[in-house]
Amino acid sequence: MKLYIDKRVVIGFVTSLIILIWLGYFSYQNNQDFINTRALVLHTNEVLQHIEQVNSNASRTEELVSKLVITGDSEYLANYTREIDKAREHYNRLRELTADNIEQRALIDTFVVYGTNKYNIHKKIIDTLKNSKIAAELLLGSVESKKTSDRIYKVISEMSRLEKGLLTARVNRSLGDMREFQFTFSLLMLSNLIIISLVFLMINRSFRARLIAETRTKQINQELESFTYSVSHDLRAPLRSIRGFTEVLKEEYSAKLDEEGNRLLRIVMNNASRMGQLIDDLLDFSRMGRRELSYSDIDVQQLVTEVIHDLTAHENRSIHWDIHSLENARGDLSMLKQVWINLISNAIKYSRKTAEPRVEIGCEQIKGNRVYYVKDNGVGFDMKYSDKLFKVFQRLHSHQEFEGTGVGLALVHRIISKHRGEIWAESKVNEGTTFYFYTKSLTT
Amino acid sequence: MTDSQVEILLIEDSMDDAELTIRALKKRNLANRLLHINDGEKALEYLFNPNNNHFPKIILLDLKMPKVDGIQILKQLKNDPAKKVIPVVVLTSSKEERDIVETYNLGVNAYIVKPVQFDKFMEAVDQLGMFWLLLNQPPK
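As they're listed, the protein sequences go chains A and B. Once you know that position 434 of the first sequence is 434 in this note's numbering, the rest is easy, because the numbers rise by one and skip nothing. Once you know that position 98 of the second sequence is 98 in this note's numbering, the rest is easy, because the numbers rise by one and skip nothing.
Okay, chain B solo, but in the shape it has when bound:
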């Protein structure tokens, strides 16, 4: 899969959580163009690579990660005029985490509580008006 094909970017350090998320999306044929990065630092490298001018359609972002955490990634995204329009769905493990993000006023588009359930994910996608964009993919 080349970068230009990536539609969902999953930034999640826990391999178990990532597997569950990917499974939930795979069941609805949504994981074909999903890229999983398990490290905040690498995620930043990927997103801010000057040679890459293709951005994912949606970012699923975990908050608690070692070194570079979700908040830092959010801040950088929202400070970048080109990238601040990418919808970001934050994966939270508690209401507390949601509160923490909201104190930063970072303009998160949606929250999904882990483990990621397909219907919750679709709800978020729907909210973002991206339903057809993501769903109308031919199965491979």
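Only chain A is shown next, with the shape it has when bound in the complex:
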């Protein structure tokens, strides 16, 4: 792909695109982090909840054992066993939850050791109670029992403290990440905004420059056209006098001039006529440049028939016409009529020296375009000069051979270009020429 825009615009555009992709990725990443942190916070909360439970289990078992010793009610014993089971459950869950945390794991293990000790003490108390209530009370109040309890609570509070610390750290880190994200996001967004604004300004500037250039070109073209017009127009006035008065001279003084004088007069008249023709053609050419196209549907078959009729009205030679079916076209009627007039009159003119002149006109589809062609068996031209064919005042034959000003085909080319079409020719010397052209309308 060929780029017509400023390199800096492209760089700006690409940079802004990269930043945008980065922003997207960055946001996704941040979101993912947020989800992770949230999961971790939930996890920590769960751990804390279980620690809390374990803590309450511990105090409840203690309480139940005391009540059992005091009342001897076996109901308390059943409750006690249930409480121990619950404690085990929480403890197992805790172990699972803290599988990735060595420090917490160690604390849990310590808790297990003390918990087992306490459990053994309780077991001993319960066993002793079967024999002596006093001995059991003594054991209940023993230093060892109290010490073990203290240790258990200490470990539990240690565990709780550790987990809470973890929670705070996680929340703080999450907050920090969030702030960092917001800052970077805003920064990237701002830089993107600046880049896009700069790119916009650059595009605007280059567009304005182009607009100015276009206006200038249009203006120069108009000046040129009006210059051509007034030159051609004003040239006609003196030429008119030359022609008119030479005519008068010929009519009124021809008898007084000798043969040579009359010959010279004829040369002056012929050249004055030719110059008149040149100026007329040039005027037509300049008119065509300034005219706006007015589109309509054109019955080409009818148009061609009309043109041939008009052109052969004064032709005394018989020409064999081979007109194929011609599809309708869309374009400016008067301009396209001019095209047909010029091409057909050329075909007639350049086959004047052919013994049996024949002109073929038709249309065919070439590469998706409806191409019309005009083919003659006239004098033809050497294809190496084909680049001169459509240029103003360029001729491939002398005025003595075939009259003409060299504007006709230039005019045709101009009309076809205005219709966004193309025209080309194929020719062989002494065998004939074929002109091909197609036009494009705005609506199809």
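So, partial list: chain B residues that the calculated Cβ filter (under 8 angstroms) puts toward chain A:
1) D16
2) E96
3) K114
Quick caveat, the hints were computed from the structure, so don't treat them as lab data. Please read these numbers as outputs of a predicted model, since none were measured by experiment. Note that beta-carbon positions come from the ideal geometry of N, C-alpha and C, so glycine has one too.
Once you have looked at the hints, place chain B on chain A.
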């Protein structure tokens, strides 16, 4: 020649063009009652002179003239209820000029491309139905 005798009014600033036109008409004896005015301003003065109630039968009008041009004269003629019926033949030097007049929609009766050829002039006169009016003049 008094004003009442004028049948063809030629308004043309170029003396050369006027001479050729007059010659072409003279050859067919049509220039006897022709008045040539070589200035647009004077032409207006002549046409809109309140003391003159005789109008020419036909006006031959050149377009490109200094100060007052043919278009301005045409506009004034066509805005005047009494004078808008005078047939006006415009002398053009190109198709372009014809286009320019037509954009004004001024109701020109005929166009003749300069230099004025007699047969083209007669064609125009014929078109206007003035053939006998102008042609049936006794030669002087």
